[in-house]
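Taken in sequence, the protein lines are chains E and A. Take the first sequence: its position 616, counting from 1, is numbered 601 in this note's numbering, and each next residue is one higher. One gets this note's numbering by counting positions in the second sequence from 1 and adding 5 to each.
In short, the hints are calculated from the structure, not lab data. Please note that a few of the clues may not be correct.
According to the in silico footprint, chain E covers these stretches of chain A (three or more CB under 8 Å from chain E) [as the list claims (entries may be wrong)]:
#1 59 to 65
#2 84 to 94
#3 117 to 124
#4 140 to 147
#5 159 to 171
Glycine included, C-beta positions come from ideal geometry on N, C-alpha and C.
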Amino acid sequence: MSKVSSPDLDAKVPEGPMDQKWDKHKFDSKLVNPANKRKFEIIVVGTGLAGASAAATLAELGYKVKAYCFQDSPRRAHSIAAQGGINAAKNYKNDGDSVKRLFYDTVKGGDFRSREANVHRLAQESNNVIDQCVAQGVPFAREYGGLLDNRSFGGAQVSRTFYARGQTGQQLLLGAYQALAHQIALGNVEMFPRTEMLDIVKKDDRAVGIVTRNLVTGDIESHSGHAVVLATGGYSNVFYLSTNAMGSNVTATWRAHKKGAYMANPCYTQIHPTCIPASDDFQSKLTLMSESLRNDGRIWVPISKDETRSAADIPEDERDYYLERKYPAFGNLVPRDIASRNAKTVVDEGRGVGPLKNGVYLDFSDAIERLGKNVIEERYGNLFEMYERITGENPYEVPMRIYPALHYTMGGTWVDYNLMSTVEGLFVLGEANFSDHGANRLGASALMQGLADGYFVLPNTIGNYLAPLLGEKVLPTDAPEFVEAENAVHDQIDKLISINGTRSPDDFHRELGKILWDNCGMERSKESLEKALEEIPKLRDEFYKDLRILGSDDEFNQTLEKAGRVADFLEFGELMVRDALHREESCGGHFRVESQTPEGEALRDDENFAYVAAWEYTGDLANPTLHKEYLEFEEVHLTQRSYK
Amino acid sequence: MHVTLNVWRQTSSKDEGYFETYDVADINEDMSFLELFDVLNERLLAKGQDPVAFDSDCREGICGMCSMMINGQAHGPETGTATCQLHMRKFNDGDVITVEPFRATSFPIIKDLAVDRSAFDRIVESGGYVDAPTGTAGDANLTLIPKAVADKAMDAAQCIGCGACVAACPNGAANLFTAAKLMHMNLLPQGQPQRFDRAIDMVETMDAYFGSCTNHGECQEACPKNISIDFIALMNKDYVKAQLKNRATVSQK
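Chain E extracted, bound-state conformation (with noise of 0.2 Å):
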């Protein structure tokens, strides 16, 4: 009984068996000859994972590419914060890995919310993604025979994960980012940093350039191309404090939204269970602590919430290890979700730890006198080290005070299986896509899915867009289009800093998150989301009247970058809201609290929600359109996940 999708969102999904589709896709797609490739310009904007592997990738094929990022360099991109690994089915273990069990874990533990195809074409250039990467010099950690090494992480029952140290992100990104610099210095790509994208110019509905703001100078400019390419990743911070760089922004993937790219899932958000509890109102970001801690601490609180005396003089009868009491199987290893929502649960009923009781324990003591201090000190000698740092507390003894925080973002711009966006000619990788990670993405799938988009996906599929327009120039700069862009960007830019009231923008940003924190995070109802969707219009009434940013738009001047990315991100959480309230069911990482199993778990509908929700924007906030595309599953059976 498969139900109709929308029209407007046709996958394009290859016909044929799971396991043939991409071969047959890529020898049915048009190609563009190596003598006419160097005919076609291509804007890349970020320079991460995703988007520093497809710029370096396009580059070498032979297309000039123009590639942008607001940091001062492409090497800062935020992918270079990742810290456990990256997933790929290369069975190096002999543990019974295989694509298709990639493929399998993956679509199980985004909850059935994510598109079949994609995955399955995602778990097979994994592979691709590790011997590239290796090829380049990425120095993955090694057994002492010279070979590589593998290790577990959540939601698997193989050991799959490649990593370099705790720094895994950042050695992929070096990589991709070398060899970017390599065609930046033959000339195949040109780099423009601290350059913010700040719109998409179309013609007769193609994306044919953008319009961009050089953050030293305030120069308004535009720039053409035959294709656009965005890989701006995740919108975290629409929440104020998550791990995300401060700079991470939902500004392009927005704009390209409002000039008709549909946005897909936005209420998608994945929680980490274990970051550093916030110390004051003043704190600029949270850190996260990995997920491996969970092996050997255990998490608890006091059993009263008056509790005033220190961790170890709290007796054992008066503490509640919590996760161990209602989850005995799994104990302190339950999914992120679970983990999360439980440590929230015992913080609102006033249980929490630390100076503002806004924490639970995760204690070692027990570990350490289990295996001795050297075990652990080996294990996680340098992220107790980094605890320490931050709180300037001795995790050996005293326990740590974790708590959850915003991390990643499922949801995005709602792309076909070639990665083009609903504007023909607007291809969005990584992060800032929707498609692969459904409403949960699993440990280490994050590098292997912006490396694999744009390494080995995009490259082949944008053939396929660009062929037929062999012999098109681009438009030029002058044309009316781009000066219309600009004239809007400029209009914006006056507005923002006309209204001179008194308010920063870091201010109203944090006001957003906590709305959105308290109504839209770990748990959502639709009462709390209806009280969301009241008080955010009213503060974007308020940021419009009370604004404050000094100094001009024509030189370096932070206050108004803020201000233009808070001003996105006050519509933006508006549409993440309004999804949340219309999925009445829960799953992955959207909770609705409606939407329980009588244990508590997260309870799917997928009678009437199983269907990407990708929503249309129709110049008023309060009523963007939506358009369904129906998820089928023919290779994974639908099941309720159960970590009792």
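Assemble the complex: chain E is given as a structure, and chain A must be docked to it using the hints.
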């Protein structure tokens, strides 16, 4: 707690700079040094005064974007720590703290504490890569790499490209940065075919932008990743060898 900041203000690389003094009261010792500046900037904005420009992004010590000289030390007093992970509890109530941008002629000032470090990108572009176009790789486990080699390459590869080494060097030399990138590649089997060309290209590009190394060792002290100056010795060795090495016999011992 309460601190007094002497902060370098400069509108652009073409303007004269000067120190401005700010009293910052009511701060929390758990704040990071950059959060102190966030608070200062909120207060300046409220008073209608131009906030202090400074770079930062990840705020967890890995992106390399933050860059401040704190009391004359790049990234401040705590060893192995970038400014973003330096916390106010490392200072005392009532301290007077001088904050300047990373000091080096090769890092022109953009505004206040933000500098332009793009000369680092030029060094990497000149040879800081293995030429392995996408899709050309063989199976990852075909190349055996002894663990000690992989570990040493990783020690070098963890450089975050912040520029503290240059700012700390009395000569404004970039030898530690260049050596870290060069030796990451040159230690690994994948880096061998281009090893000697890479050494020449990167060292000569470095020399075109930066001062010369005279073995002060300040760079190693300032490095937030504790990268050792041993890598500079290895770089020098490869550079000397590269002058004489017949490229046709690179594969031979």
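Evaluation of the provided hints:
no.: 1; hint: 59 to 65; in the structure: holds (count 6)
no.: 2; hint: 84 to 94; in the structure: holds (count 4)
no.: 3; hint: 117 to 124; in the structure: holds (count 4)
no.: 4; hint: 140 to 147; in the structure: holds (count 7)
no.: 5; hint: 159 to 171; in the structure: holds (count 5)
Every hint from the earlier list agrees with this structure, and none is contradicted.
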